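The listed protein sequences derive, respectively, from chains A and B.
First residue of the first sequence: 1, per the working numbering; consecutive thereafter.
First residue of the second sequence: 1, per the working numbering; consecutive thereafter.
Quick caveat, the hints were computed from the structure, so don't treat them as lab data.
FRET-style restraints, in silico, Cβ to Cβ:
#1 A:Glu201 <-> B:Lys565: 49 to 57 Å
#2 A:Glu270 <-> B:Asp105: 33 to 41 Å
#3 B:Lys513 <-> A:Glu201: 54 to 62 Å
Keep in mind the model is a prediction, meaning the values are calculated, not measured.
Backbone N, C-alpha and C define an ideal beta-carbon position, used for all residues, glycine too.
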Amino acid sequence: MSTDATETTDAETAAETETETDATADSEVATDAKPEAPSPGEQRRQAKQERAADREAAADREAEDIAASADNTVHLRVFRYDPDVEGKTEPYFDDFHVPFTKGMTVLDALIWARDNYDPSLTFRHSCRQAICGSDALFVNGRQRLACKTQISDMSEPVMVEPLPHSEVEKDLVVDMEHFYDQMEAVEPYFQTNELPEDELEEQRQSRENRETIKMSTRCIWCSACMSSCNIAAGNNEYLGPAALNKAYRFAMDEREGEDMKQHRLEIIEEENGVWRCQTQFSCTEVCPKDIPLTEHIQALKREAVKHNLKFW
Amino acid sequence: MYEYDVIVVGAGGAGLRAAIAAQEAGADVAIVTKLHPVRSHTGAAEGGVNAALHPDDSVEDHAYETMKGSDYLADAPAVETFAENIPREVVQLERWGMAFSREEDGRISQRPFGGMAFPRTAYAGAETGHHLLHTMYEQVVKRGITVFDEWYVTKLVVTDEDDPADRTCHGAVAIDIATGEIAGFHARNGVILATGGAGQVFEHTTNAISNSADGMAMAYRAGVPLEDMEFIQFHPTTLPSTGVLITEGVRGEGGILYNAEGERFMFEHGYANNAGELASRDVVSRAELTEVNEGRGIEDEYVHLDMRHLGEERIIDRLENIVHLAEDFEGVDALEEPMPVKPGCHYTMGGIETDENGQTRVDGLYAAGECACVSMHGANRLGGNSLAELLVFGERAGRDAAGDEIEEPEIPTGWTDNAEEADFVPPVELGAAGVEPAAVADGGAMAASPVELVENAVESERAWVDQLLERDDGVNHAQIRARVQDTMGQHVNVFREEKGLEQAVRDVQEARKLYREVHVEDPSRTFNTDLIQALETRNVIDVAETIAVGALAREEFRGAHWREKHQRRKDDEWLKHTFVSWNDGEPQLWYRPVLLEGEMQNYEPKERSY
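Modelling step: build the complete structure from the supplied sequences, incorporating the hints.
Here it is as structure tokens:
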């Protein structure tokens with residue numbers, strides 16, 4: 001994929017930016033330090049870094065030993081970068097040879113590598129059942145949830161990288177703030193004026209309408225779609241597939257009423273809304289929850305056109 | 001230092017509900033959570049949320065069946081408060097836009113769940129928790145409530161009077177995971193713990209890797225008793241390789257359990273002649289393991305759960321998520337073949353002792369959701385009652401912490417006149433590893449202002465983290481955690497016997513000794529998950545100990561707690577809650593009678609048959 005080249009550049013840029021801010025961060029951490037010489041704390045930290053490097057080398061040797069002795073290991077090449085640790089401020093790739101077990105996922109392999117070789121290997125994870133959305137990674141050239149990606153389906157070495165087009169915080173962890181901001185920009189909450197008076201009376205929704213919005217409600221905010229979108233990569237203001245899907249979820253919900261639908265369509269019609277989508281389907285392709293994102297964006301475009309026609 | 005009226009720790013269902021309620025009651029609220037809210041484990045709940053919504057159903061029945069399900073170890077005032085309030089909460093969710101599955105007339109769909117005689121479980125496909133979590137987070141965004149995401153709370157700021165009943169909580173200390181910065185959070189009114197369950201105490205669990213018992217352990221070390229910790233729910237249908245949950249909804253819709261001989265064992269071997277697969281969870285879990293132990297398991301490990309006969313249309317309509325989970329995590333096409341399932345650790349019925357308003361023994365400290373024990377699940381929780389619990393008691397805790405008018409609680413907390421000390425000799429000296437700075441804030445209540453107390457706590461926490469980071473060499477926390485998980489999985493599981501439980505207590509104590517030498521290898525201050533996990537592991541150890549000790553002491557068979565040599569429920573002796581208190585670094589065990597008298601009815605213990 002052509003995004004590979006962009007990916008490296010992004011990571012490098014991220015590394016540079018992070019390194020620059022590093023000095024400030026450091027001085028904040030060492031608040032007790034006397035200004036002139038490295039504080040005892042700083043010295044201890046340096047010593048610790050050296051020891052960590054030694055241990056890492058030892059772990060590498062151990063990894064090779066295990067790889068040599070185990071019948072069946074899987075070879076991971078993992079992106080590494082840490083603005084805060086000397087020797088890791090330039091991005092590089094680390095090799096891990098993990099004993100393979102049936103059913104092993106990419107996340108399982110990463111956890112094994114971390115727990116047995118290198119505790120500093122950093123990645124997000126939580127539920128490991130494809131619902132928390134925290135472990136979206138770039139695995140063998142594609143955005144995937146590590147927890148639901150079987151190692152046996154991957155060719156080796158399994159390349160594990162952070163999501164492209166996001167700033168890398170450390171190793172496989174990327175800054176999600178921009179993604180969250182875009183999600184919140186579409187007023188992602190139910191707004192209705194048509195509630196029944198009795199507080200125990202439900203506001204009903206037809207089965208058909210629930211069916212219309214069903215797939216859109218499955219989004220787990222993993223950001224895989226945003227990361228795969230070329231338009232979002234080139235235009236930081238574009239709301240992107242996840243946020244537009246969220247807008248769809250509410251705009252198509254019959255319980256919100258016509259006025260609110262109009263308001264929602266106005267939001268998504270703005271300059272960086274639906275009209276930026278070029279129907280490349282890359283979001284739909286990578287969505288781990290199989291949400292037809294591109295279709296939802298197209299549906300919003302149709303609604304927007306209909307909505308405009310009312311006034312012309 | 002940050003300052004708010006109410007600080008909510010954790011942003012799953014209970015935390016979000018509490019924050020919304022506190023904000024609506026006029027408080028300035030912040031949520032501090034180690035994950036982003038939408039990553040919380042509430043999102044993994046599948047089956048549904050119980051509420052007597054239907055005109056033919058009744059609140060009284062919901063309360064009664066909850067008491068019966070609990071094996072009469074729940075407190076009636078908690079259960080009745082719960083059953084009364086939950087319909088309004090579910091309708092409230094609906095009004096916040098939650099996309100429930102629908103009946104033909106547009107009402108919320110409800111389905112049958114184990115242990116209940118009415119189809120009372122409202123649901124959204126097989127992903128009810130996901131919808132509930134996202135709907136509530138949307139409301140938090142709408143209200144502009146401040147969220148500190150990826151901030152890990154490590155300690156509560158609590159004054160250090162001798163008697164926990166005299167202590168006050170003034171806030172918390174947290175690490176900004178992204179930068180390693182340690183900061184204080186001063187709560188003018190109260191801190192609400194909503195940190196979820198303790199599944200990571202066990203190796204095979206449906207719980208997220210993040211469910212490391214943080215809130216329970218923090219409250220415990222601050223002097224709040226943990227209640228009924230020996231009651232761990234094992235869910236009968238988890239995937240054998242990963243522990244991923246297959247919802248009870250599968251059985252609710254008509255899914256059937258088979259052994260290796262193709263027998264529908266729930267009936268054919270007489271485990272539950274009436275309810276069959278829909279007997280309550282403890283009954284089904286034991287039945288499955290008995291089949292395996294008697295040689296009728298598949299690959300000596302699991303049984304089959306078959307839903308093929310429901311037909312593709314119904315499966316896709318109501319259980320689609322299950323088809324994906326079976327495919328992704330077990331490689332099984334559930335439309336074509338039965339799913340392999342076995343019991344896995346699922347839920348901590350016990351937790352931080354609270355009253356019906358979420359208030360703990362320590363003034364200004366609240367707990368809600370799975371980390372809390374208001375005592376409505378007793379010895380066994382009914383499926384669909386946990387999402388329901390976090391709504392009702394999250395809301396009440398939020399309101400109470402914000403200073404809103406709320407009814408006086410009927411459930412007492414702490415040591416009461418009718419409490420009794422345990423007659424129990426542990427097989428090994430418990431607790432007291434002395435690895436952490438003082439559990440309660442330095443300086444005491446006399447001299448310092450709340451702000452100074454928070455500052456002191458931040459200082460001592462900085463020193464502790466520095467010490468962990470600077471230690472040259474030692475034991476990796478992953479090894480220690482694995483040791484605890486191994487022994488708990490082996491000895492404190494569905495079937496429990498005395499020798500095994502004693503071994504577990506010894507092993508946990510061994511882990512505690514190892515923990516004195518725990519070290520963090522990663523020297524970085526940026527997103528140091530090595531450090532976070534080292535801190536979590538401490539919590540796993542402390543809570544594992546309370547579970548193992550409580551289980552060893554309780555010599556009867558009740559709900560999820562089965563004992564080899566004690567095959568009966570002993571109401572004369574054991575109709576009482578277990579408490580473990582952390583007193584001067586040593587766990588102490590004591591008991592208090594169960595409250596079986598409610599306002600709606602008295603719940604006379606009966607034999608539990610399904």
